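As given, the protein sequences belong to chains A and B, one line each in that order.
Using our numbering, the letters of the first sequence correspond one by one to residues 1 to 324.
Using our numbering, the letters of the second sequence correspond one by one to residues 325 to 778.
These are computed hints drawn from the structure, not numbers from a lab.
Errors might be hidden in some of the hints.
Stated by the list, open to error - Simulated crosslink set (DMTMM-like; lysine to aspartate or glutamate; CA at most 20 Å straight-line):
{"#": "1", "chain 1": "B", "residue 1": "561", "chain 2": "A", "residue 2": "201"}
{"#": "2", "chain 1": "B", "residue 1": "603", "chain 2": "A", "residue 2": "204"}
{"#": "3", "chain 1": "B", "residue 1": "601", "chain 2": "A", "residue 2": "80"}
{"#": "4", "chain 1": "B", "residue 1": "566", "chain 2": "A", "residue 2": "201"}
{"#": "5", "chain 1": "A", "residue 1": "256", "chain 2": "B", "residue 2": "426"}
{"#": "6", "chain 1": "B", "residue 1": "601", "chain 2": "A", "residue 2": "81"}
{"#": "7", "chain 1": "B", "residue 1": "561", "chain 2": "A", "residue 2": "157"}
{"#": "8", "chain 1": "A", "residue 1": "256", "chain 2": "B", "residue 2": "640"}
{"#": "9", "chain 1": "A", "residue 1": "89", "chain 2": "B", "residue 2": "430"}
{"#": "10", "chain 1": "B", "residue 1": "566", "chain 2": "A", "residue 2": "157"}
{"#": "11", "chain 1": "B", "residue 1": "566", "chain 2": "A", "residue 2": "80"}
{"#": "12", "chain 1": "B", "residue 1": "566", "chain 2": "A", "residue 2": "14"}
{"#": "13", "chain 1": "B", "residue 1": "566", "chain 2": "A", "residue 2": "81"}
{"#": "14", "chain 1": "B", "residue 1": "603", "chain 2": "A", "residue 2": "14"}
{"#": "15", "chain 1": "B", "residue 1": "601", "chain 2": "A", "residue 2": "160"}
{"#": "16", "chain 1": "B", "residue 1": "561", "chain 2": "A", "residue 2": "161"}
{"#": "17", "chain 1": "B", "residue 1": "499", "chain 2": "B", "residue 2": "592"}
{"#": "18", "chain 1": "A", "residue 1": "92", "chain 2": "B", "residue 2": "592"}
{"#": "19", "chain 1": "B", "residue 1": "601", "chain 2": "A", "residue 2": "77"}
{"#": "20", "chain 1": "B", "residue 1": "601", "chain 2": "A", "residue 2": "161"}
{"#": "21", "chain 1": "B", "residue 1": "367", "chain 2": "A", "residue 2": "80"}
{"#": "22", "chain 1": "A", "residue 1": "101", "chain 2": "B", "residue 2": "592"}
Unchecked claim - Quick list of the computed label-pair ranges, beta carbon to beta carbon:
{"#": "23", "chain 1": "A", "residue 1": "175", "chain 2": "B", "residue 2": "586", "range": "20 to 30 Å"}
{"#": "24", "chain 1": "B", "residue 1": "550", "chain 2": "A", "residue 2": "198", "range": "45 to 55 Å"}
{"#": "25", "chain 1": "B", "residue 1": "550", "chain 2": "A", "residue 2": "168", "range": "34 to 44 Å"}
{"#": "26", "chain 1": "B", "residue 1": "550", "chain 2": "A", "residue 2": "182", "range": "58 to 68 Å"}
{"#": "27", "chain 1": "B", "residue 1": "553", "chain 2": "A", "residue 2": "41", "range": "31 to 41 Å"}
{"#": "28", "chain 1": "A", "residue 1": "12", "chain 2": "B", "residue 2": "667", "range": "51 to 61 Å"}
{"#": "29", "chain 1": "A", "residue 1": "273", "chain 2": "B", "residue 2": "586", "range": "24 to 34 Å"}
Bear in mind that the values here come from a model prediction, so they are computed numbers and not experimental data.
Using N, Cα and C, we set each Cβ at its ideal position, and we do this for glycine too.
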Amino acid sequence: MKHAVNPPGLASIDAITAALAEVGYISTRQISTALYLAHHLRKPVLIEGPAGVGKTDLAVSVAKALGFALLRLQCYEGLDDSKALYEWKYGKQLLYTQILKEKIGHLVDASDSLQGAFGKLAGFQDLFFSRDFLEPRPLLQAMEQPGGSVLLIDEVDKSEESFEALLLEVLADYQVTIPEIGTIRAQVPPLVVLTSNNTRELGDALKRRCLHLHIGFPNAGLERRVLRARVPDIAELLLGQLVSFVQSLREENIRKAPSIAESVDWARTLLLLHAQVLDESLVRDTLNVLLKRESDIQEMQGRLAALTQAALAEPNAAQPIGAY
Amino acid sequence: MDASLAGFVRALRVAGAQASTAEAIDAARAMALVGFGDRDSLKASLGVVLAKSVEEKIIHDRVFDLYYSLPEAPDDPDEDRPQDSASQDETASERTGDAEVDALLDLAEGQQGRDALDAALRRAAGQAGVDDIRFSSQTSFFVRKILAGMGIAPLEARLLERLGQASAEAQAEAKTLGAARDLLQRQARALVEQRFELFGRPATENFMTEVAVRRPLGRMGPPDIDRMKVAVARMAKRLAAKHSQRRRIRLHGQLDFRRTLRANAGLDGVPVNLSFKHKRRDKPRLVVICDVSSSVAAHVRFLLLFLYALHGTVTDLRSFGFSHRLQDVAAPLETMPFDDAMELILREVGGGATDYGRAWVDLRDQHWDCIDRRTTVLVLGDGRSNQTDPRLDIFAELTERAKRVVWLCNEPPVRWGSGDSCMLQYRPLCTHVTHCASAADLERAIDEALQAYS
Numbered sequence: 001m002k003h004a005v006n007p008p009g010l011a012s013i014d015a016i017t018a019a020l021a022e023v024g025y026i027s028t029r030q031i032s033t034a035l036y037l038a039h040h041l042r043k044p045v046l047i048e049g050p051a052g053v054g055k056t057d058l059a060v061s062v063a064k065a066l067g068f069a070l071l072r073l074q075c076y077e078g079l080d081d082s083k084a085l086y087e088w089k090y091g092k093q094l095l096y097t098q099i100l101k102e103k104i105g106h107l108v109d110a111s112d113s114l115q116g117a118f119g120k121l122a123g124f125q126d127l128f129f130s131r132d133f134l135e136p137r138p139l140l141q142a143m144e145q146p147g148g149s150v151l152l153i154d155e156v157d158k159s160e161e162s163f164e165a166l167l168l169e170v171l172a173d174y175q176v177t178i179p180e181i182g183t184i185r186a187q188v189p190p191l192v193v194l195t196s197n198n199t200r201e202l203g204d205a206l207k208r209r210c211l212h213l214h215i216g217f218p219n220a221g222l223e224r225r226v227l228r229a230r231v232p233d234i235a236e237l238l239l240g241q242l243v244s245f246v247q248s249l250r251e252e253n254i255r256k257a258p259s260i261a262e263s264v265d266w267a268r269t270l271l272l273l274h275a276q277v278l279d280e281s282l283v284r285d286t287l288n289v290l291l292k293r294e295s296d297i298q299e300m301q302g303r304l305a306a307l308t309q310a311a312l313a314e315p316n317a318a319q320p321i322g323a324y
Numbered sequence: 325m326d327a328s329l330a331g332f333v334r335a336l337r338v339a340g341a342q343a344s345t346a347e348a349i350d351a352a353r354a355m356a357l358v359g360f361g362d363r364d365s366l367k368a369s370l371g372v373v374l375a376k377s378v379e380e381k382i383i384h385d386r387v388f389d390l391y392y393s394l395p396e397a398p399d400d401p402d403e404d405r406p407q408d409s410a411s412q413d414e415t416a417s418e419r420t421g422d423a424e425v426d427a428l429l430d431l432a433e434g435q436q437g438r439d440a441l442d443a444a445l446r447r448a449a450g451q452a453g454v455d456d457i458r459f460s461s462q463t464s465f466f467v468r469k470i471l472a473g474m475g476i477a478p479l480e481a482r483l484l485e486r487l488g489q490a491s492a493e494a495q496a497e498a499k500t501l502g503a504a505r506d507l508l509q510r511q512a513r514a515l516v517e518q519r520f521e522l523f524g525r526p527a528t529e530n531f532m533t534e535v536a537v538r539r540p541l542g543r544m545g546p547p548d549i550d551r552m553k554v555a556v557a558r559m560a561k562r563l564a565a566k567h568s569q570r571r572r573i574r575l576h577g578q579l580d581f582r583r584t585l586r587a588n589a590g591l592d593g594v595p596v597n598l599s600f601k602h603k604r605r606d607k608p609r610l611v612v613i614c615d616v617s618s619s620v621a622a623h624v625r626f627l628l629l630f631l632y633a634l635h636g637t638v639t640d641l642r643s644f645g646f647s648h649r650l651q652d653v654a655a656p657l658e659t660m661p662f663d664d665a666m667e668l669i670l671r672e673v674g675g676g677a678t679d680y681g682r683a684w685v686d687l688r689d690q691h692w693d694c695i696d697r698r699t700t701v702l703v704l705g706d707g708r709s710n711q712t713d714p715r716l717d718i719f720a721e722l723t724e725r726a727k728r729v730v731w732l733c734n735e736p737p738v739r740w741g742s743g744d745s746c747m748l749q750y751r752p753l754c755t756h757v758t759h760c761a762s763a764a765d766l767e768r769a770i771d772e773a774l775q776a777y778s
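Working from the sequences, and respecting the hints, build out all of it.
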């Protein structure tokens, strides 16, 4: 590694928390520690957790907070190296050979022996397989950022096992080998963030190379802070009731518990409806923002009254957020 | 590398979280970076580096709290332990004159502070090999070994000698010596007990679980069931990891024309690098039919436990229970905790007299559409149908319709066909019939059943 970029935002664990808070991402100690170690140990971070708890958002926020370029690679079944690493610009290569046909003809004509013509042509091979004809894809782009970058490899569990193997070289040495050109090393090693929803178990080889961060559902205090940061206009009273309702809803026996993304959406919805306090009919009308499965909504219909009452009765629901 | 970290990694492995050497090295680097200043940060750092799944995180946090804490010896209320400075001044004057004994007294009475005592205890524990403890009955042995390592022999000899003398002075000294000895012993015992929690108990548990897995299901006691929950969850996870992935198999000879063209565009369309078409392998589809009648009562708990674990891991799984009538039991197994689900199933489905013929009729009438040529049907039961019509015709139709029918019978082959057992009649129709006596057998049989998809 030539030189590492050490932005002040990565100087300590607390600095990371503060930098993230500035861009509206409420970090926990777990999260900040993982990022701190990722930068200083030069290791990728694998983030697992349910959908909608801010895994992808973390990478985006880190890039924003540190002023790094964000390069995003969305994984899907069938993703291969030509989409992830690099590809040759075939069209451009063909076009250039066509345009340069005459020129090449002249050059070859000038030499009188076969040997000489061959020698001249040999030089062009490198010309066509040079950087000018290379289309860098996210992994290679991340290696080439001079000012540091955040490389987000999103939903890596959606890709196939063969793709994990491809990642190993990139993540272990921060280099990409292109047979025609050579090995390209990262100017500044990127901060790599991988996310996974755990639809399949990732390979051990990949897991062992990464730091592992699990982001679960937030507790009440954290959820309030996140909502306050994301929906600043919401009234204190409503916020408290909303949080305690969502918290107790997660305890219920439902298939897809609402995550923080759903809470934020719900808070925005309630704000839009000019709600001052929760009431049962309001909850009933807007429940589809929180629960995304018809069976869950049906299941909860009978429990809404009790849950709403409990949320309204919550003693600390009405209290303003203290210093944390 | 910090010596304590090596022990910590070992404790993690014993507790069931796999931490590799490379990760231990990373942990050492993380430790050097974060330092010991802030306990929470250290815990978070080690958790991020060493634990690579949610289950491992839970194990990690528990082991961290246990490992990086001082073993707390219970305070003896009757004992006037020299802990504040006043009593220290008092006791410090009563020295015996024997250098070795005095050194121990100093240590025990906190003259050099708690840390010195802990360091000495840990050093002696290291020499005694306390980390190798396996059974709680070894505690006293190791306590003794630690004390011997710290050189308690001269102190005890002196204590015995003084106890034998009647003078008040001798009795006072004996009291001091005795108190110091008790204190050391308590501290050593607390340390050994902590080490047992870290290294011994998990190892013993793993061993007992291994034993339980091989034990015949009929002879399972209630404590085994708890142990089996752990083992079965592990088994189901292993099976799922092995079989749940959809694989692509290359079909040699069938050219994927589009892919080949694209791959060779740079070579002016000359097909140098060939791409072949792939065939997708199906994910396993399982239909499990489980006999929950009273004739298999001893096995039912376990079979249901296994079904329960499978539901957490295999995605395409239908399960039915029957004694008389067949019922879909997927819903309780998926949504309820195991004990509740089992109680519900036994109440709703179990209890009646077994009737295999009736179960096949129900399966055909109500759930025939969930069986197709990609399905493996797994039957768990003894094949004892209470002299009713076994409905071999429907069973034959079932075996025609499904990809495979595997029967796991809990009775040994010698008893097949005896009394009301219809196993010998069913056997020729099944793809595979196997005697399944222990959890290990069950895992192997299901592994084989799922193998058909790869």
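Outcome of the hint check:
no.: 1; hint: B:561 - A:201; verdict: holds (10 Å)
no.: 2; hint: B:603 - A:204; verdict: violated (26 Å)
no.: 3; hint: B:601 - A:80; verdict: holds (16 Å)
no.: 4; hint: B:566 - A:201; verdict: holds (10 Å)
no.: 5; hint: A:256 - B:426; verdict: violated (66 Å)
no.: 6; hint: B:601 - A:81; verdict: holds (18 Å)
no.: 7; hint: B:561 - A:157; verdict: holds (17 Å)
no.: 8; hint: A:256 - B:640; verdict: holds (18 Å)
no.: 9; hint: A:89 - B:430; verdict: violated (80 Å)
no.: 10; hint: B:566 - A:157; verdict: holds (16 Å)
no.: 11; hint: B:566 - A:80; verdict: violated (23 Å)
no.: 12; hint: B:566 - A:14; verdict: violated (42 Å)
no.: 13; hint: B:566 - A:81; verdict: violated (26 Å)
no.: 14; hint: B:603 - A:14; verdict: violated (51 Å)
no.: 15; hint: B:601 - A:160; verdict: holds (16 Å)
no.: 16; hint: B:561 - A:161; verdict: holds (18 Å)
no.: 17; hint: B:499 - B:592; verdict: violated (98 Å)
no.: 18; hint: A:92 - B:592; verdict: holds (12 Å)
no.: 19; hint: B:601 - A:77; verdict: holds (15 Å)
no.: 20; hint: B:601 - A:161; verdict: holds (18 Å)
no.: 21; hint: B:367 - A:80; verdict: violated (38 Å)
no.: 22; hint: A:101 - B:592; verdict: holds (14 Å)
no.: 23; hint: A:175 - B:586: 20 to 30 Å; verdict: holds (26 Å)
no.: 24; hint: B:550 - A:198: 45 to 55 Å; verdict: violated (27 Å)
no.: 25; hint: B:550 - A:168: 34 to 44 Å; verdict: holds (40 Å)
no.: 26; hint: B:550 - A:182: 58 to 68 Å; verdict: holds (59 Å)
no.: 27; hint: B:553 - A:41: 31 to 41 Å; verdict: holds (37 Å)
no.: 28; hint: A:12 - B:667: 51 to 61 Å; verdict: holds (53 Å)
no.: 29; hint: A:273 - B:586: 24 to 34 Å; verdict: violated (51 Å)
Hint check: violations occur at hints 2, 5, 9, 11, 12, 13, 14, 17, 21, 24 and 29; the rest are consistent with the structure.
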